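Participant: According to our numbering, the sequence shown holds residues 116 to 294 in order.
Read the hints as simulated data drawn from the structure, not as lab findings.
Everything numeric in this text was worked out from a predicted model, so none of it was measured.
Hints are supplied without guarantee of correctness; some may be wrong.
Capping the alpha-carbon separation at 25 Å, the derived lysine-lysine pairs in DSS-like fashion look like this [as the list claims (entries may be wrong)]: (1) K123 to K137; (2) K169 to K130; (3) K145 to K129; (4) K123 to K145; (5) K198 to K169; (6) K169 to K146; (7) K282 to K261; (8) K279 to K291; (9) K293 to K282; (10) K286 to K274; (11) K279 to K256; (12) K286 to K273; (13) K137 to K148; (14) K273 to K255; (15) K291 to K278; (16) K255 to K278.
Now the in silico label distances, taken between C-beta atoms and shown as ranges [as the list claims (entries may be wrong)]: (17) K282 to T258: 42 to 48 Å; (18) I166 to G222: 34 to 40 Å; (19) V225 to P167: 32 to 38 Å.
Here a beta-carbon is modelled for each residue, glycine too, at the ideal position from N, C-alpha and C.
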Amino acid sequence: MTRQIRSKTRFRRKKVRTPSGKTVTHYIHKKPKQASCARCSRRLSGVPREIPSKMGKMTRSERSVSREYGGVLCSKCVIQLEKYKTRIEAGLDIRRDLTVEKFLPLGWYVTISKQFPKAEEKPKSEVKETKPKPEKKAAKKATKEKAESKKKEKPEKKKKAAKKEEKKTKKKETKKAKK
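Model the full structure from these sequences, guided by the hints.
Facilitator: Structure below.
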């Protein structure tokens with residue numbers, strides 16, 4: 116019987132014949148997925164396919180690529196990220212790309228926005244109260260009517276409940292009279 120640890124699907128079973136003639140099962144770890152880019156999900160080159168325990172035993176230089184965002188983003192995404200950053204720092208008006216901004220350090224945009232102050236903000240005008248639209252009024256009336264009809268139904272339910280109680284008491288009285 117196999118040990119419970121090795122009965123999982125993450126182990127590959129390999130039958131091996133020993134010199135004595137026995138066939139023994141060797142349990143080999145399956146290789147994990149190749150590391151992929153966090154932005155475009157392309158395979159990362161230079162990052163080994165190993166289980167975490169073996170990755171921990173490797174040196175830092177063996178684990179990932181030595182460039183900026185190595186082991187997280189592919190080379191093309193790093194180039195796009197740098198282009199995006201320099202365009203914003205240069206003051207060009209471009210559309211914000213949140214897939215790229217996710218990987219920039221926290222507060223990077225604040226330092227740039229201090230360099231380029233916005234135009235003076237105008238005070239907000241007072242908010243005017245708007246009248247409800249006729250559609251909403253009709254919907255409100257319909258809900259009120261439903262509530263009123265439910266209130267009318269309640270006395271009918273009380274009458275039915277009272278009749279049931281009367282029948283029960285009559286049955287009890289007839290049983291007592293028979294005894």
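Participant: Hint by hint, note whether the structure agrees.
Facilitator: Results of checking the hints against the structure:
| no. | hint | result |
| --- | --- | --- |
| 1 | K123 to K137 | 24 Å, holds |
| 2 | K169 to K130 | 24 Å, holds |
| 3 | K145 to K129 | 11 Å, holds |
| 4 | K123 to K145 | 11 Å, holds |
| 5 | K198 to K169 | 36 Å, violated |
| 6 | K169 to K146 | 11 Å, holds |
| 7 | K282 to K261 | 32 Å, violated |
| 8 | K279 to K291 | 19 Å, holds |
| 9 | K293 to K282 | 17 Å, holds |
| 10 | K286 to K274 | 19 Å, holds |
| 11 | K279 to K256 | 36 Å, violated |
| 12 | K286 to K273 | 20 Å, holds |
| 13 | K137 to K148 | 34 Å, violated |
| 14 | K273 to K255 | 28 Å, violated |
| 15 | K291 to K278 | 20 Å, holds |
| 16 | K255 to K278 | 36 Å, violated |
| 17 | K282 to T258: 42 to 48 Å | 37 Å, violated |
| 18 | I166 to G222: 34 to 40 Å | 36 Å, holds |
| 19 | V225 to P167: 32 to 38 Å | 36 Å, holds |
Going down the numbered hints, you'll see the structure goes against 5, 7, 11, 13, 14, 16, 17, while the others check out.
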